[in-house]
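Please work from the sequences and hints to get the whole structure.
Quick note on numbering: the sequence shown equals residues 1 to 440 in the numbering used here.
What follows is a list of derived Cβ distance ranges for each label pair:
{"no.": "1", "residue 1": "Ala41", "residue 2": "Glu254", "range": "20 to 26 Å"}
{"no.": "2", "residue 1": "Cys191", "residue 2": "Glu255", "range": "45 to 51 Å"}
{"no.": "3", "residue 1": "Gly59", "residue 2": "Val184", "range": "25 to 31 Å"}
{"no.": "4", "residue 1": "Pro37", "residue 2": "Pro342", "range": "34 to 40 Å"}
{"no.": "5", "residue 1": "Arg282", "residue 2": "Ser172", "range": "37 to 43 Å"}
{"no.": "6", "residue 1": "Ala310", "residue 2": "Glu216", "range": "46 to 52 Å"}
{"no.": "7", "residue 1": "Val390", "residue 2": "Ala53", "range": "33 to 39 Å"}
{"no.": "8", "residue 1": "Cys191", "residue 2": "Ala161", "range": "20 to 26 Å"}
{"no.": "9", "residue 1": "Pro311", "residue 2": "Ala53", "range": "33 to 39 Å"}
{"no.": "10", "residue 1": "Pro37", "residue 2": "Leu67", "range": "17 to 23 Å"}
{"no.": "11", "residue 1": "Leu66", "residue 2": "Pro379", "range": "25 to 31 Å"}
{"no.": "12", "residue 1": "Leu66", "residue 2": "Leu168", "range": "29 to 35 Å"}
{"no.": "13", "residue 1": "Pro379", "residue 2": "Arg284", "range": "39 to 45 Å"}
With a cut-off of at most 20 Å between alpha-carbon atoms, the simulated SDA-like pairs for lysine to any residue come out as follows:
{"no.": "14", "residue 1": "Lys286", "residue 2": "Gly394"}
{"no.": "15", "residue 1": "Lys286", "residue 2": "Arg142"}
{"no.": "16", "residue 1": "Lys212", "residue 2": "Arg222"}
{"no.": "17", "residue 1": "Lys286", "residue 2": "Pro399"}
{"no.": "18", "residue 1": "Lys286", "residue 2": "Gly146"}
Just so you know, the hints here were simulated from the structure itself, not pulled from any lab data. For every residue, glycine included, the Cβ atom is placed at its ideal position computed from N, Cα and C.
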Amino acid sequence: MPLPLSRLRSHPLLGNRPFRLLFLGRTLSLIGDAVIPAALALAVLRATGSSSALALVLGCAMGPRLLLLPLGGVVADRFDARTVALVTDLVRCGAQLFVGIELLGGEPRLWHIAAAEAVGGAASAFAMPTLPRLITGAVAERDRHGANSLFGVVRSGTGLAGPALAGLLIASAGPGWAFVLDAVSFAVSACLLSAVRIRHEAPAGPRRSLRKDLVEGWQEVRRRDWYWTSLVAHAAWNGAAAVLMTLGPALAVEELGGEEVWIGILQAGAVGLLLGSLLAGRARPKRPVLMANLGLATYALPLALLAAEAPAPAVIAAYGLAQAGLGFLSPVWATSVQAAIPSGVLARVTSYDWLLSMAAMPLGYVLAPLMANAWGAGPPLWIAAAVVGVACAGTAAVPGVRRFTLPVSTAEPEPGPDGLPPAAEEAVPLKRPARPAPPP
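Pasting the structure below:
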């Protein structure tokens, strides 16, 4: 029996034109970005033969991103998020096209590639905080979990298919064309964004200083115990992931059976990530933040098994389970944040989320080899397992994490005069269904 037209129109992808265009544009960008890590590594190594040169290029991309993320949150809150995202797409298109042309020219210069990646990293600092505001501006509150789940599935799927696509492009045409493909994906995404109508709420009151905007965003993070404690747990997860990514390949090759074991671990993780995203699209946990953080705590398993030199199948299965926890968290966390954080500060709060999470990864990259050189690979892996397990599972002791629930929306919201969904009201953690919600 065919679905009624009204049901089709209620689907965030099929019936909502702003979301459909937004979703297609972001999907193309994700596909393009998925091929870049392998292409960049091979391109720099072919040009220089130096892993230090690769580290320099990666640092040039990461440094501006970390430094400018808080400013990117302020810009996305002050101005139209669609315009900010469109401009950053065009900047990243130009940066990746420049790298592609440099590589296709046959004599790439390292400092040219590093400078272009620095520009792209800076642009991504302004682009990353815009997505939550784009979703809340394009999708009614009742459909946001489905929208976030769709993005989670696509992000997981591109992570699974990206390395294969990169390998095909590099083998058939060279790494330069991978960057050209990424540039094209950003250009098409910008074209789609230019056709999107997204609700934009201008900041209330007079324009304030940059410092006051930054402080206000940080205060919104601090006043919610469920939020900042979860960010600590997420930072611990990213730091532990950096430890595993640093020490895991050598252990897999030398102790567990060879390169195919490490490939199997990564593939299991990609499959787990996808399955976790699919599960998040169907599940409606009563305590979403608590369940998502407990899922992240499973990352302690592959770390501990690697430290104990467990059999390869056990490590592979454990890593797949751990990545399923990450796949489940991403859309559930995004929906919770979009429901609970006021729209006017959403981008700034999101930028602090990205900043804390990403800043922990370089720390793991630096500490893991230092500790391994001093004591062997086992101790840093055991320490990382303990830290991520305690930090993520420990959020269950936080009252706000245990109390947090999403509001149940049963009524169909009336569209605004411009046909877009009405702005969402702030959701707050509920103590008991029969009592008014306390402040978050």
